[in-house]
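Trainee: Sequence:
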Amino acid sequence: MPSIGTARALPVIVLAVVVAGSAAAQPFTGGYPFRLPPDDSTTQVFLPRFPAVPLTDDDFISAVGDDFHRRGSQIRFWGGNIVADGAFPTTTESNFIAPRIRKMGFNLMRFHHLDNAWSDHGIFVRNGSTRTIDGLQRGRMEYLIFKLKQEGVYINMNLHVSRTFTEADGVENADS
1 MPSIGTARAL
11 PVIVLAVVVA
21 GSAAAQPFTG
31 GYPFRLPPDD
41 STTQVFLPRF
51 PAVPLTDDDF
61 ISAVGDDFHR
71 RGSQIRFWGG
81 NIVADGAFPT
91 TTESNFIAPR
101 IRKMGFNLMR
111 FHHLDNAWSD
121 HGIFVRNGST
131 RTIDGLQRGR
141 MEYLIFKLKQ
151 EGVYINMNLH
161 VSRTFTEADG
171 VENADS
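Quick note on numbering: our numbering labels position 95 of the sequence shown as 95, and the sequence is numbered without any gaps.
Honestly, the hints are just simulated from the structure, not real lab data. Backbone N, C-alpha and C fix where the C-beta goes; we use that ideal spot for every residue, glycine too. There's no promise every hint is true.
Stated by the list, open to error - Computed Cβ-Cβ distance ranges for the label pairs, DEER-style:
#, residue 1, residue 2, range
1, S73, Q150, 14 to 24 Å
2, V161, N127, 37 to 47 Å
3, E172, T56, 44 to 54 Å
4, W78, G30, 32 to 42 Å
5, D66, T164, 28 to 38 Å
6, G139, E172, 31 to 41 Å
7, Q74, G128, 39 to 49 Å
8, E172, G72, 48 to 58 Å
9, M157, A52, 19 to 29 Å
10, D120, D169, 15 to 25 Å
11, H121, T56, 26 to 36 Å
Model the full assembly from the supplied sequences, consistent with the hints where possible.
Mentor: What follows is the structure, given as C-alpha cells:
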C-alpha cells in the first residue's frame, strides 16, 4: 500500500510527464542564417577590441605577492583550455584558431591532457610505449604555440596529466 506522501505526489508526477511529453519547439519562420565562421578574426562592434600584441622575450611573468606582473606592471589573465586532440591542429587550422582565441579576449590557454591514451592522437607515438614523442604532433603543437605567441596569448603547459605508464616504458607491473 503506497504511503500518503507517495499518493499525493503521484498526480504531480503524472502531470509533469504529460506536459513534458507534449512540449514541442515553437515553429520558426522568417529568420536569417546565423553562422560563426571559424576563420573570423575580425573585430565587431559588440565585442571589446583585443588587439594582437606579439609576445617577446621580455614578457616573462613573475609572481609578486598574490599578483602576476609583466615588465613591472600587473597583468590579468582570461584563459581557456586546449585539450587532447585540440592541441594538434593542422597549420591551416592554427592560422585561424590563434586569432579567433585572441578575438574572444583570451590571453592565456592551458594545454591539457596531451599525454593521454584515450583520444585519437596524443603527444606520444602509439606503439605501446610512452617514451617517444610523435614528431608530427609535436610540430603541430609547436606551430599553434608560435601562432598564439604572435597573438599575445600565453600558454600554461600541463606536462603530466593522464599519461598511463606501460611495461614497454620499463615500469614493472605498470598495470597495477
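Trainee: Would you say the C-beta atoms of E172 and T56 sit inside 44 to 54 Å of each other?
Mentor: 47 Å, holds
Trainee: Return holds or violated for the Cβ distance of V161 and N127 against the range 37 to 47 Å.
Mentor: Hint violated: Cβ distance 20 Å, outside 37 to 47 Å.
Trainee: Taking 26 to 36 Å as the hint, is the beta-carbon distance of H121 and T56 inside that range?
Mentor: 31 Å, holds
Trainee: Return holds or violated for the Cβ distance of D120 and D169 against the range 15 to 25 Å.
Mentor: Since the Cβ atoms of D120 and D169 sit about 21 Å apart, the hinted range of 15 to 25 Å holds.
Trainee: Verify the CB-CB distance for M157 and A52 against the hinted window 19 to 29 Å.
Mentor: 21 Å, holds
Trainee: Are D66 and T164 spaced within 28 to 38 Å by their CB atoms?
Mentor: Given range 28 to 38 Å: holds, Cβ gap about 36 Å.
Trainee: Quick one: are W78 and G30 within 32 to 42 Å, going by C-beta?
Mentor: 37 Å, holds
Trainee: For G139 and E172, compare the CB-CB distance with the range 31 to 41 Å and indicate the outcome.
Mentor: Given about 33 Å between the Cβ atoms, the range holds.
Trainee: E172 and G72, beta-carbon distance inside 48 to 58 Å?
Mentor: 51 Å, holds
Trainee: Is the distance from the Cβ of S73 to the Cβ of Q150 consistent with 14 to 24 Å?
Mentor: 21 Å, holds
Trainee: State, for the Cβ atoms of Q74 and G128, whether the hinted interval 39 to 49 Å holds or is violated.
Mentor: Hint holds: Cβ distance 48 Å, inside 39 to 49 Å.
Checked against the numbered hints above, the structure breaks only hint 2 and satisfies the rest.
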